[in-house]
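Visitor: If you want the building blocks of each chain, they are given just below.
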Amino acid sequence: MADFNLIGQSFGPQDLVAKITGRAKYAEDFRAEGMLFTKLLVSPMPHARVRSIDYSEALRLPGVVAVLTADEVPQEDHPFEPCLTNEPLYEGEPILAVAAVDETTAADAIELIRVDLEPLPFALNPLDSLRPGGPNATLMGNVYQEREVVELKWPQEVFDAANEPDQMPLGEANDEWEYGDLEAGFANADYIMEETLCCQSVTHHPMEPRTAMAYWQNGKLYMHSSVQSVAQSRRGIADRLGLELDDVILISEYCGGGFGSKIRGSVTEVIPALLARKTGRPVMMRITRAEETAIGRGRPGMLGWARMGFRNDGRMTALDLFLVQDNGPYSRQGDSGTSGDVAALAYTPESMRFRTVRVLTNTPPRAAQRGPGGVQIVSMLEPMVDRAARQIGVDRLQVRLVNAPNAETQFGRGSYELTSCFAGEALSRGAELFNWSERSQRSGQRNGSKVRGVGIALSPYYGGTSGWDGLVVIRPDGKLYIHQGVGNLGTHSCIDTAKAAAEVLNADWANCEVVFGNTSRHLPHSSSQSGSQTTHAHTRANWVVGQAAKGLLQELAALELGGSPSDYDVSGGRVHRIGAPGTGLTFAQAAERAIARGGKFDGHELPEDINDMTRTSATALAGQGLVAAAKDNLPHTARTYSFVATFIEVEVDVETGAFEIIDVTSVADCGTVLNPRSLAAQANGGVIQGIGIARSFKWAIDPTWGVHLSKRIEATKPPAMLDVPTTLTFEAVDLPDPQNPVGSKGIGEPPVGAGAGALLCAVEDALGGLAPSHQPVTPDKILSIVESGSLGWSRLETHV
Amino acid sequence: MEQLDLRSQVTRSVSRRTFIKGVVAAGATVSTGAYLFRSTNAAQAASAQGAVERLVTLRINGQERRVDVMKQETLATTLRYKLGLTGTKIGCDRADCGACTVLVDGVPKYGCSLLTHQVRGAEVTTIEGLADGDQLHPVQQAVVDEAGFQCAFCAPGFIMAMVGTLQENPSPTREEMAHSLSGNLCRCADYPKILNSAMRAAEYMRSA
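Going down the list, the protein sequences come from chains A and B. Under my numbering, the residue at position 290 of the first sequence is numbered 293, and the numbers go up by one with no gaps. Under my numbering, the residue at position 206 of the second sequence is numbered 207, and the numbers go up by one with no gaps.
The following block holds chain A by itself, in its conformation from the complex:
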């Protein structure tokens, strides 16, 4: 492994002091002179058409400044999600917005508005929408066909052929792929298992509800918001408002959690922006926790079916997978497609067929949620693999090891290859740390009313993109400024990945500053801080720009001091003759000489291939020091995936249905460790989030009225401290990925599925293989299973 100074060290992020003294300003903490406040009139029905709205009385209320209706905002044909609508597609969808001098007045004004709604048929369960004559979620249709919404109904025979409600009807899918000989795979199997699957939807509920404050100055929009990527969200906001990118100044230094729900510009930014333009005053819109359930996005739930063939040694010979995705009303979600790839990678079946259909429903809009598609498939299939292992009589660790991917694996829709894979190493090391061989002997052991269970899950997930830009400046103050356009979500990767540039330049980290969170500070074109991209994408981009800066320093030194660039090296805050660290130019001197020479040295001449956003930023910085901008053109010839193996032991009280988590042990293959402490926090936090999805998050919708029943945190509860052990075990395989200059891969996504899957497997293990088919696994469900062997509702019921 390469010898690094900064990579692999634990550093605290530079923004932490602001966060813990109350000085850090999140979107809701900003004030502006004359600022107005917004409240929304939202649909009380899951699907309706506005016949008429009368807001004259509201406008007469003292303190009310403006009303914004759907007629005044950009509208396009579905599947575009407008910020205000006359055809609400879910309960809680904004119809109209009021701006007033304070929030109470705005809320009072909403009460004075009379809206006449025509109720329309609505679909909650995707299967109901696929039935002949079943309701469509939108007037245009009920499923996504590629990017279009069309109508798809399955013939009655499909439903008749299935033994509902326990067996999934298998109609026409509109997206499928296959590899290998599926028929032969099942023919060669010693054991075949076939099951109907389900997985609930989950609201994101970041701790900070989405807030945005907007004002306009000289035709430019100033937007204070809570987003996961300054560069990418700015583009989303500009597109939605029909603005040039340069006319949007986005400020988001701190983001109070997003988990995928704050990636692109959303309706919650567009409404205050439009109201600010209409009123000529700053406008803030804050979203309540209950409104978060409607507007704040959720993970798509799934109904499904899987047929698996195994040989007696546990090797999976065939996997036939069918997923019906509950897509919500807007934007095609990629989850189920990703589920297919993740299943293919987790078990590397010798043959596989994947089919899916994405059905629109009149439930809250969905978005990627940490491990999108991965969490759903891991939590559905890992318990099924356990059940198969019990039938075959193979150890549950062994069945995973025998099917685990390796560096040679090709998988999924495009027979993708991997940049690196140490999944087997993660499983083996996890088993060692957890002491699987001993603990698994305790399966089903009863002590009074308490029964032990252990579970494992292996969760692969995509671990990084490439091709983004880096931008650094060495200023005459002698400091290295590393500009980052990603968000500052709290993962620390915004800061940690900047270390790659400092590493190349052998810079003292105390002499480096990371510039982020505000587009007027001139940020490069960066990835969104989502999909576990940042660690991989921006160690690459920062490495590349570090090398570009090093090259400029060497060239500059040769011009100034004689010799050739290769005679010089960079370290200790200087560019100096090789082997003579005290010679040459300090960073401060080099910055001054770069400014004096201009051209390529101070940002006046830039590489051809950088993105326009980076070019604009670098141009604005030109003349302020030695400016280097570069696009990551390093080879990226295969898919980058990370893997987490989690082991959980539980103790289930079969008299009360309560259970305690005794131990959680996880091992990750995410390449070289960038920052050990931040990594452990990401991994353990992700595992705990997965535990929450399996145990306490809940998404319930009234089947008669289509109204959400779990709108607040007490109804859909994130785990608290006492819900998990006070110490969790985590280790990284810490082997480098060859296609990243520092060897790192992303880690955000895979632990979530691992936590959810391992917990479900452990609880089921304690219950002797009886499956609590519906998440969350709550005490009432456990008792129901213990007492009657069933839950009382079928796997095909959703939102329960």
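Treat the hints with care, since some could be wrong.
Okay, derived cross-link-like pairs now, DMTMM-like style, lysine to aspartate or glutamate, Cα gap no bigger than 25 Å in a straight line [stated by the list, open to error]:
1. A:Lys784 / B:Asp97
2. A:Lys720 / B:Asp133
3. A:Lys453 / A:Glu790
Calculated directly from the structure, the hints in this document are not laboratory data. Quick caveat, the model's predicted, so the values are computed rather than measured.
Position chain B against the provided structure of chain A, taking the given hints into account.
Guide: Frame of chain A, contents of chain B only:
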């Protein structure tokens, strides 16, 4: 008006003199903070029989602050939107998450679930009141040294709960500390690192 015995007294008369004094004092501090309270009709306050006085004096972070509050106004709202103390966060506004935790006479309380009128005369400490200039409170220093928290929207509430806990119990076990902090939610689920911070905070507080 600042005495402790007034804390439970919700029905009060108001003299013209204190009212004017209050308007002057509150007007100076309020400026643009017009959130969840009416910026108009201030003279309606306390005119009806049984109404609560609107202009109150609070003791926050060692300072006396005069502020105009509605009778239904919560402490979290007053702190954030009237007094500019935006370090106290509102995550759920319903006693679910603990992001708004502040100390009231040294005891951690949810700011969203206390009426501002209930804390008249009490000593309120918020996250802004812990550090002494650039000198961090030992609990904050412990968090920095352990790099506690991720998005940190929950951090002010957690830190106030840690301070309150350690005043009550300077040597908690890890389990006791977890119990004490279980009324605060971290959606990033950075619990192991938060607990590490809290246990280091206990050390720092003992040696402080």
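Visitor: Any of the earlier hints contradicted here, and which numbers?
Guide: Of the numbered hints given earlier, the structure breaks just one, which is hint 2.
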